[in-house]
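**Student:** The residues making up each chain are set out below.
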Amino acid sequence: MATESQAPELSYDKPLPPVLELTKPFWDGCREGILQIQFCNICDLPWFPPAEACPRCLQDDWEWRPISGHGTVWSWIRMWQKYFPGWSPDEYPYTVALIKLEEGPYMYSTLVEIEDQDVSCDLAVEVDFRKVNDEITLPVFRPART
Amino acid sequence: MTDQPDRSALRNLQDKTAIVGVGTTEFGAIYRDLDPERSAYELGLIAFREALKDAGLKRTDVDGVIVSRLPHYGRMCEMIGLRHPRFANVLPGEGRQSGIALQYAALAVANGMADVVACIYGNNGRSAGAKYGGESRGISTQAMFEAPYGMTSPGAVTSMMFRRHQYRYGTTTEPLGHLAISNRANAALNPNAVMQRPITMDDYHGARYIAEPLCLLDYCLINDGGVCFIVTSAERARDLKHTPVLIHATSQASDITPVYVADDFWHEPMSQIADDLFANSEAQREDLAFAQLYDNFTPTMLFTLEGMGFCEPGEGGDWISPERIGLHGELPLNTGGGHTSESYMQGWALHVEAVRQLRQECGDRQVNDAQYGLYACAAPLATGHILKRDN
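Protein chains in written order, with my numbering: chain A, 933 to 1078; chain B, 222 to 612.
In isolation and in its complexed conformation, chain B is listed as follows (with noise of 0.2 angstroms):
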């Protein structure tokens, strides 16, 4: 056993590679019209063709494809029409993969095991009549010890985990309230997020509970949707139509728990993450342009700020207030709307977030001086990554 990895080598992948196009199809829409036909791998296939436009590239640029929440790659590959990947897999359908499905691509085009990656993701969801809980069947934990208790559901679990930083910190549900409010003001501002009516702090209060102390406007949305974002070489993106967006620095680290919760909030694999981020990169906290943070429900956006070292344990609830976290404040969160306004895909609609960011394409909800930008997601595998708009 070593003592300490070596995580200097982590720099090895420093600027390397870049995202070069991005694609999502429309929210909003397909939102208010369900389609118990429409296929994730439609979804998935929509994003691809705008993301290859977007590129500029020709389908058979690519020869690297990773799917994830589609249930195989070979479906997605004959779909678009690629036979003979060089590389192809398919991540679990889980959030938090979503950040994972970059690091791949970027290891991938990295090491001359492709050259163009496609990482695409399609979500039927709401079609599908997915609850995200209540599943009770198996030989799971979750069938077995969890559901007799009617114990179910990864808000449940997050509502635990945000009761017990109550408890020792004496938190309020205030700062969640910020967070959903700061989320859909910046939604009301893109034309593709699917909720774009503002609220208030009186609404945010007034929703009903789900897994209380979690109310329903701290949940992510149950929507359809695709992305997809495309991986080349720094080198190769140069020569294409935008400014590239570089993978400048990105870590993974995790607390793999039976019981999904950790009891220090996800400090331990967060700060662990934030150290990796930092320590290779020229950029640090105050050069963020913005964070993208994974707001399956909004105290995970808390425990990200407190474990990244944005503020201390327990100051979460201090540190957020409108001011520092809107779209001209000192760190801009979710400027898309996140997953409980602009669209619950997984992380993914968040990349393409910080990308278009970077690229200054935001319009009415562009941050200023965007040259880097955070993306994390704090869950029990963690990921992050500080992109940075090409000079």
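Here chain A stands alone, though its shape is the one from the complex (with noise of 0.2 angstroms):
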């Protein structure tokens, strides 16, 4: 998965996460093209977001692993009201998805490859990374291909 298809913006003003000890490995990841959640060692629950024991178990004895990157779209909105700087005009309304991974977990993302107008709930999707800093690689998702 390729995560240098797009070249970062030069100004990036949207918002950006803080990377934290717990939250590493997952950025980690996403730099390398890899979607990776916190499953438990001891039941195999996944979860997402990540947490710092699992929520069945309650023990911290889980890892990291890489999952499928599919799923489907549960739904999606267009966001036309200015909230957040960042967005120039011309990028509204934008599209935020919030999308159900093949191992459970949602995941809230951005829809790429496709026009709105062909956007359903259900639509298949799988995986695509925005490199957006050298630290940051942000998730999106596109029509499955396989």
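Source of the hints: derived by calculation from the structure; they are not laboratory data.
Be careful, since some hints might not be right.
Below 25 angstroms or equal to it, Euclidean Cα-Cα: the simulated DSS-like pairs (lysine-lysine) are [to be verified]:
hint, chain 1, residue 1, chain 2, residue 2
1, A, LYS1063, A, LYS1032
2, B, LYS352, A, LYS946
3, B, LYS237, B, LYS462
4, A, LYS1032, A, LYS956
5, A, LYS1063, A, LYS956
6, B, LYS352, A, LYS1014
These two chains come separately, so use the hints to put the complex back together.
**Tutor:** Shown next, in the form of structure tokens:
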């Protein structure tokens, strides 16, 4: 999966996530083109967003495991309201999607390589990546090819 | 682990406590008068004063305080001269807490932890420039995994849920329009409502999108105001000024997920609440004179109607009609104008409206034969009550 498919924008004013000790492996993975989430080593439960323990076992015996990158669009919106600086006027409305990952957890993201009129709930999608800077590469989703 | 908790014990609270005083600030007048120095505590104070007067109680009768949206109970107690409360705490400033405030007050009074509990809410959001979206700082899930995509705001998550409902059931935005129009028509009969000019379906369809498919007229207002309700025992309530409004049945249920949304549009918690309420009351759905349904955004009302069994899942769009939900319909909804037209008091003013309807004080917007009324809030932490006019 190409991480350099799109050149970083020269000036990037959109919100960027702080990288924490807990979340660093997630962002390290994205930079390498690998989407990974936490799995419990005791009961195999996956979860997202990151947390310090398995929500079922409550133990901290877990690891980051790559996931398929496949999922479906649970739902999506077009955001018209200018809540954030960083989106230029011609980017409105922009699309936000809630992806239901094949492994179970949900993840907010955006959709690429598809026009809004072609988006539908339950559309099969797969992860792609967009590099923002040397630290952050954001996972995004495109219509599934495989 | 127990298989099924015994929920019949909820009946222990039935008719033990009552709302005996309600008060609010002005809503319309202060909407047009932004004041950056207006504090939420000042608004809470005004509402408390009104509620005391309404109840015919003295300040010193109050021995318990629950505040919400106000940052601290201490400042509020200090401002109302309550130095030695027997029961005091603060609930987060989220709308789902308004029904919970009433529950805690009822629990405290019914169990002898306080005699008279004032539940006080103050909201200076409009004057303070609250946007209800756009937060991107800190280490919250929102900041780390949503804001980078421009995902923000309670309206956007509700819009996600509504889009899914459209996809799954073919629901259109027309019923949302009916809800917004009905709220506004009720507000036109409410002298304290912020928005009183009636709207039409053309207005609704012409309103600008915020988080599409939802538009401006699906959204709650952002306005300043304060609300207070005062709870005491049913016994004591019968010696006070007004006909008591009894806390007849109440319940809480939940579906807490990392992404706010629920795949079943909160059917599970709302149906649980409906089961609790109707199992623990002589009143059934057809006995309700009105329903005050939490309407941060219009789809929340639709999800509530389906979840609580007024119609089947997916049929809310067909069920909602102007005739059915209007003031003289089968189930009048949000009779004071709700959050989209009266005032965005995060459920607090819906409680006040319920009390006033049950006391037959609502003038031109009074519904018929108000003996039982429903309040319900669909959210990750959901609540519902049946309130009852004492005989």
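**Student:** Next, verify each hint and record whether it holds.
**Tutor:** Outcome of the hint check:
{"no.": "1", "hint": "LYS1063(A) with LYS1032(A)", "in the structure": "22 angstroms, holds"}
{"no.": "2", "hint": "LYS352(B) with LYS946(A)", "in the structure": "18 angstroms, holds"}
{"no.": "3", "hint": "LYS237(B) with LYS462(B)", "in the structure": "18 angstroms, holds"}
{"no.": "4", "hint": "LYS1032(A) with LYS956(A)", "in the structure": "22 angstroms, holds"}
{"no.": "5", "hint": "LYS1063(A) with LYS956(A)", "in the structure": "16 angstroms, holds"}
{"no.": "6", "hint": "LYS352(B) with LYS1014(A)", "in the structure": "10 angstroms, holds"}
In the structure shown, no violation is registered for any of the earlier numbered hints.
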